[in-house]
Amino acid sequence: MGTATNYIEFGPGGVVTGAGYTPDGTLPAGAVPCTQAQFSDWTLASLVNNVIVIGPAPAPSAAQIAAAAYVAFIAGGLTVTSTGTPALSGVYPIDPASQADIATEAQFISTFSEFTNGGTTNLQWVLANDALVTFPTTAEFLAFAKQAGQIVAAAKLAAAQGASMPAATATIP
10 MGTATNYIEF
20 GPGGVVTGAG
30 YTPDGTLPAG
40 AVPCTQAQFS
50 DWTLASLVNN
60 VIVIGPAPAP
70 SAAQIAAAAY
80 VAFIAGGLTV
90 TSTGTPALSG
100 VYPIDPASQA
110 DIATEAQFIS
120 TFSEFTNGGT
130 TNLQWVLAND
140 ALVTFPTTAE
150 FLAFAKQAGQ
160 IVAAAKLAAA
170 QGASMPAATA
180 TIP
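Those letters in the sequence shown? Residues 10 to 182, per the working numbering, in order.
Check before you lean on any hint, since a few could be wrong.
[Claimed, not checked] What follows is a list of derived Cβ distance ranges for each label pair: (1) A68 / Q45: 23 to 33 Å; (2) P145 / G27: 51 to 61 Å; (3) V24 / D139: 26 to 36 Å; (4) T44 / Q170: 36 to 46 Å; (5) T26 / L151: 46 to 56 Å; (6) A106 / P65: 33 to 43 Å; (7) L151 / A77: 30 to 40 Å; (8) G64 / T113: 41 to 51 Å; (9) A46 / A109: 46 to 56 Å; (10) V60 / G93: 52 to 62 Å; (11) G64 / D110: 44 to 54 Å.
Hints in this document: simulated from the structure, not taken from any laboratory.
Ideal Cβ placement from N, Cα and C applies to all residues, glycine included.
Use the sequences and the hints to build the structure in full.
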């Protein structure tokens, strides 16, 4: 039989979800053994690097703030305004899968001088709201791909430098 133990239970992100006592030392999932002093203040506990900390959670680091800003930037999409073909205006997803799709289409156009659908006109593309737009020419798609690539690269650089995110807007002809 184990030793009687006080414990604090933690959920995702080290947030406290409960506390308890086990007479035989068997701990429930997510529980960490604690001292009597930690147990008495368990509602103020947080788990930081697998260490129980009593008091306010530590402020996020600059790197954590920058990473969160980048994730939010990417999740918000890219607002594109087309001056030549207003129907192309909208919010385009720029998450990693969409970035790969954009890059693949641009490379295909650059290699074969046509869209992946086999034509040089009328490629349908999905906006962030699931609406479809149609790129009339490969040149217009390449203009969009260039802007998307430059915006994502600028956001990555801003995150690495701890700087403000760029505006998530672009204008294409």
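Tested hints:
In this structure, A68 and Q45 meet the distance hint of 23 to 33 Å, their C-beta atoms being roughly 28 Å apart. Separation of P145 from G27 is about 59 Å and conforms to the stated range, judged on CB atoms against 51 to 61 Å. Between V24 and D139 the Cβ separation comes to about 34 Å, which falls inside the hinted range of 26 to 36 Å. In this structure, T44 and Q170 meet the distance hint of 36 to 46 Å, their C-beta atoms being roughly 41 Å apart.
At roughly 51 Å, the beta carbons of T26 and L151 sit within the given window of 46 to 56 Å. Taken as a hint, the range 33 to 43 Å holds for the pair A106 and P65, whose Cβ atoms sit roughly 37 Å apart. Under the hint 30 to 40 Å, the C-beta atoms of L151 and A77, about 32 Å apart, fit the expected range. A C-beta distance of roughly 50 Å is found between G64 and T113, which places it inside the suggested range of 41 to 51 Å.
A hinted range of 46 to 56 Å for the beta carbons of A46 and A109 is consistent with their spacing of about 51 Å. Between V60 and G93, the C-beta spacing of about 58 Å keeps the proposed range 52 to 62 Å intact. The given range of 44 to 54 Å is respected by G64 and D110, whose C-beta atoms sit roughly 46 Å from each other.
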